[in-house]
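So the chains spell out like this:
2 protein chains.
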Amino acid sequence: MIDVIALDADDTLWHNETLYSITQKRFRDLLARYDQGYGTQQALYETEMQNLEYYGYGIKSFTLSMIETAIKLTGGRILASEVQEILDLAKEMLNAPVQLMDQVEEVIHELAASYRLMLITKGDLLDQETKLARSGLGGYFRHVEIVAAKSVEVYASLLEKHQIPPERFLMVGNSLRSDVLPVVALGAQAVHIPYPLTWVHEDVQTPKAPSMGYVELKHIGLLPKYVERLR
Amino acid sequence: MIDVIALDADDTLWHNETLYSITQKRFRDLLARYDQGYGTQQALYETEMQNLEYYGYGIKSFTLSMIETAIKLTGGRILASEVQEILDLAKEMLNAPVQLMDQVEEVIHELAASYRLMLITKGDLLDQETKLARSGLGGYFRHVEIVAAKSVEVYASLLEKHQIPPERFLMVGNSLRSDVLPVVALGAQAVHIPYPLTWVHEDVQTPKAPSMGYVELKHIGLLPKYVERLR
Chain F
1 MIDVIALDAD DTLWHNETLY SITQKRFRDL LARYDQGYGT QQALYETEMQ
51 NLEYYGYGIK SFTLSMIETA IKLTGGRILA SEVQEILDLA KEMLNAPVQL
101 MDQVEEVIHE LAASYRLMLI TKGDLLDQET KLARSGLGGY FRHVEIVAAK
151 SVEVYASLLE KHQIPPERFL MVGNSLRSDV LPVVALGAQA VHIPYPLTWV
201 HEDVQTPKAP SMGYVELKHI GLLPKYVERL R
Chain G
1 MIDVIALDAD DTLWHNETLY SITQKRFRDL LARYDQGYGT QQALYETEMQ
51 NLEYYGYGIK SFTLSMIETA IKLTGGRILA SEVQEILDLA KEMLNAPVQL
101 MDQVEEVIHE LAASYRLMLI TKGDLLDQET KLARSGLGGY FRHVEIVAAK
151 SVEVYASLLE KHQIPPERFL MVGNSLRSDV LPVVALGAQA VHIPYPLTWV
201 HEDVQTPKAP SMGYVELKHI GLLPKYVERL R
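Chains as they are written, first to last, in our numbering: chain F, 1 to 231; chain G, 1 to 231.
To be clear, the hints were calculated from the coordinates, so they are not data collected in a lab.
It is possible that some hints are incorrect.
Claimed, not checked - Output of the computed footprint for chain G on chain F, the stretches with three or more beta carbons under 8 Å from beta carbons of chain G: (1) 20–28; (2) 77–84; (3) 90–98; (4) 144–151.
Stated by the list, open to error - Distance ranges between label pairs, derived from CB positions: (5) F:Ala185 with G:His143: 35 to 41 Å; (6) G:Pro166 with F:Gly138: 20 to 26 Å; (7) G:Tyr34 with F:Pro97: 22 to 28 Å; (8) G:Leu197 with F:Gly187: 47 to 53 Å; (9) F:Tyr38 with G:Leu52: 54 to 60 Å; (10) F:Pro97 with G:Lys225: 52 to 58 Å; (11) G:Leu217 with F:Lys225: 55 to 61 Å; (12) F:Glu167 with G:His109: 36 to 42 Å; (13) F:Lys91 with G:Tyr34: 22 to 28 Å; (14) F:Gly138 with G:His143: 19 to 25 Å.
What the hints assert, rightly or not - Here are the simulated DSSO-like cross-link-like pairs (lysine-lysine), alpha carbons at most 30 Å apart as the crow flies: (15) F:Lys218 with F:Lys25; (16) G:Lys25 with F:Lys91; (17) F:Lys72 with G:Lys25; (18) G:Lys218 with F:Lys91; (19) G:Lys25 with G:Lys91; (20) F:Lys25 with G:Lys91; (21) G:Lys91 with F:Lys91; (22) G:Lys218 with G:Lys25.
C-beta atoms are modelled at their ideal positions from N, C-alpha and C, and glycine is treated no differently.
Using the sequences and the accompanying hints, generate a full structural model.
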């Protein structure tokens, strides 16, 4: 029996990784005339990982890492006008329309009638808040938690804060690393809904055991039937 | 009678604006050889204000605005190595030790014995969380709220979320704009503790009326006596 259904936002409710993909492509194009063979994509990822403990997640962090990578990969030859192009990419990302995934609106509407819904997402505070506002879904969520990272400790403190017993909590998201494994580790339930694109950082090997305490659904449209069966 | 005392963090519990001041000075020095008369400081502030709706508050936003300002003020002549210097300034800021203001530790320790303490701060999620962890004060706060902005609406929703009647809530902070006026507007109480340095953006004219529903204390050491008198 579930009381609270928590959902991830980026790539669970709305498209996000596609936006990063498009920007990464434009970043590669920007540096193409400099590129010395070492993969731009790989270099950017390494910079992001090195900066994660300082910057955390989100578009601003990603942008600072793009600029740092551009300086490094071009040996300092990158032009100020090209740095400005990177800044422009950031603002385009922050301004991009929120594109809900298929069936999200109906599913959230239906679930909100029977469950306390919670949104748990990481990234830039302001960016996530404005995306939620623009999504039109804000009214369905009883609690909105924007966190710096999604670890076992973070989920444990959210459950404690909202006084939710783990066995009555279900988390739904596209990332095994962030949305599923830490939740299962707490004895709560999780649903994994893969997104066609996964950021390397979130891409953990799917555990091989037949039952790891979570299920995988092909798309969010299947969620209401699944939770109905848990009653 | 007060149940909950909420405190701002930057420039209320620990020094922050001094860090921005030092960085702004180093930014001005960096651009000094380019400067065409238009004030670097003023140009940076204008860029920050234009970017506020996209970037929000915090060091990452400030850094992106420094880079944008540097490109603009130098007419695109800024060197990649100088952009890298700006990125280095950001990491130095993010790594700077947390310097508690005088008497903060004793005051928080004392207040925590009689009141539910809450921390309400704006800025980068990860940066604020790690500063709180490094401050050693984390254990004293029952609730920690890191918000994108401090408006009347935001305070209203925090009071509702934590089910705190306004008349039992006291907010303490250095910014009239962010910590005092929106709280007073809700019928709650506020204490203003000015910091020697105030960011222009937070620097509103002190209202002239003799009583605007808040008091001003010279330093945080005076807070326990003041709240004692409210009982």
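Okay, which hints does this one fail, numbers in order?
1, 5, 7, 9 and 18
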